[in-house]
Amino acid sequence: MSPSGSPDPAGSEPTDTNDLIPTWDEIARDHAGFMYSVAYRLAGNQSDAEDVVQESLLRVKRGLERYIPGSLHGWLARIVTNVFLDETRRRKRRPQTHLPDDPDRVIEGGPAADEALAMVSLPDHIQDALNTLADEFRQAVVLCDLAGLTYDEIAEQVGVPVGTVRSRVHRGRVRLREALS
Amino acid sequence: MSLDQRHSVWLDGELETAEAAAVEAELAADPALAAEVEALRSVRSLLRERAMIDLHSDASDRLIARVEVLDAAGQAVARAPVVDVVTRHRLIRRFAAAAAVFAIIVSVIGGLGGDTTLPAIGDLVERHNAAAAEMPNEPKGESMSGMPKMAAEMDMMAATVADGMAHAVYVAKDSSIVSVFRLDGELDSEALVDDMGGSIGEMDGHDLWAKDIGTRHVTVLDGDGYVWTIVSDVEIDLMADLVNELPERTPSLAQRIRAAAEAVIEPFGLGS
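If you read the sequences in order, they're chains X and G.
Each residue of the first sequence is one higher than the one before, counting from 1 in the working numbering.
Each residue of the second sequence is one higher than the one before, counting from 1 in the working numbering.
Careful, some of the hints might be misleading.
So, partial list: chain X residues that the calculated Cβ filter (under 8 Å) puts toward chain G [said to hold, decoys possible]:
{"id": "1", "residue": "Val53"}
{"id": "2", "residue": "Leu64"}
{"id": "3", "residue": "Arg66"}
{"id": "4", "residue": "Ile68"}
{"id": "5", "residue": "Asp145"}
{"id": "6", "residue": "Val160"}
{"id": "7", "residue": "Thr164"}
{"id": "8", "residue": "Val169"}
{"id": "9", "residue": "Arg173"}
Reference listing, derived: stretches of chain X covered by chain G, where coverage requires no fewer than 3 residues with Cβ under 8 Å from a Cβ of chain G [said to hold, decoys possible]:
{"id": "10", "region": "22 to 32"}
{"id": "11", "region": "36 to 47"}
{"id": "12", "region": "55 to 61"}
{"id": "13", "region": "131 to 144"}
No wet-lab data here; the hints were simulated from the structure.
From the three backbone atoms N, C-alpha and C, an ideal C-beta is built for every residue, glycine too.
Please model the complete structure; the sequences and the hints are all you need to start from.
See below:
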């Protein structure tokens, strides 16, 4: 038996030896699916995931010159995670309760089916299982196993010690295994 | 031995060599523990291999269009705060009004030359407020036939030219009021930031400045010789969602928006 080695998240990660910096257009067209996947697995719903991806792409557009050729998915995952955590913190600071101005016409938030960005086949047992985890465990597992961040990177992103990340990843996986069984 | 976090760390390849060797020895000696670790490995693999989500084929185009508009509008953050519960009808009307504003902004790029102009934002907001308070009951009267669907969501209510400044007032179907001011000159957006704060952006190579002042959303755009100031109740950051609904389907996003904008501006002689 041997460990799985360095993180290798799903998707077509560009090679590290490619020293060409992609254009924003290329990133948006070729890697929006990866960004959406991370955002959706973190947020747990399409509407929030779309907001996160949109803001993330805006940050990519404005910060592309700071990208150092290497793991493009790692860089994108960190941006998506930052946006998601910013939004989570903002909501905690300022809970939103929007009242409808026309109660008879109230519909649930989120895009209509024909407007959704993603082709999510429902029921999604993976997301259902992820949603059973507490936020901190879900974030740790998604960032490690889907986004492919190292423990150090997750610790820096989330703002907790590496030991806490190790614990959260492990406990998250154990609980996810139970939820999937 | 029982399953603990060392085993996840080992799976991730983040254990030191000696510690990894110890774990491997444990697993070799304990088939039950090894089976549990394999179950964890399966969970890990499931996320890596099955958790990716495919986007609709046109999703990237829509994302690109939204982000380009947001970027052009100088929005430092993306969309408005997530709307948890909203009436879709109202949202569509607001989008429609926002689209018309955006159409106006883009259409006016391409005016005449002139000196640097720094709009007196406070004064223009006051003029907007005064115009809103004196809003006539009926539209100004110019024909709106042939207008694009979105532009038809707004009626021209008043238009004045005084002291070298044109001022047009529109009202949307949801009663949102939009003022468009035109001054001769070129925008010094950095000077505006120095004076007023706010954020700056760029659209098709033209400077753009935006700021919320009270409940009013103010956007100032440099239009090759004109400085256009738009004061409205409409949230500019909602405009992005409307781009796909603009009526013309020409290859260029800007062309589509311009096509809608020309129909808004032309009847009132405010175009270039």
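Hint check: 8 Å Cβ-Cβ cutoff, X:Asp145 to chain G | holds (4 Å)
Any CB of chain G closer than 8 Å to the CB of X:Val169?
-> holds (6 Å)
Under a C-beta cut-off of less than 8 Å, do 3 or more residues of the region 22 to 32 of chain X approach chain G closely enough to confirm the stated coverage?
-> holds (count 4)
Does the CB of X:Val160 sit less than 8 Å away from some CB of chain G?
-> Interface hint status for X:Val160: violated (14 Å vs cutoff 8 Å).
With a Cβ-Cβ cutoff of 8 Å, does the region 36 to 47 of chain X contain at least three residues near chain G?
-> holds (count 5)
Is the shortest C-beta separation between X:Ile68 and chain G less than 8 Å?
-> For X:Ile68, the interface hint is violated, since the closest Cβ of chain G sits about 22 Å away, which is over 8 Å.
Once the shortest beta carbon distance from X:Arg173 to chain G is found, is it less than 8 Å?
-> holds (5 Å)
Was the hint right that X:Leu64 lines chain G, CB cutoff 8 Å?
-> Result: violated, 12 Å to nearest chain G Cβ.
Quick one, is the X:Thr164 hint okay against chain G at 8 Å, beta carbons?
-> violated (11 Å)
Interface hint compliance - X:Arg66 to chain G, C-beta minimum distance less than 8 Å | This hint is violated: X:Arg66 lies away from chain G, its Cβ roughly 16 Å from the closest one there, beyond 8 Å.
Taking a Cβ-Cβ distance under 8 Å as contact, does the region 131 to 144 of chain X have three or more residues in contact with chain G?
-> holds (count 3)
Hold the hint about X:Val53 up to the distance rule: shortest CB distance to chain G must be less than 8 Å.
-> holds (7 Å)
In this structure, the earlier hints numbered 2, 3, 4, 6, 7 are contradicted, and the remaining ones agree with it.
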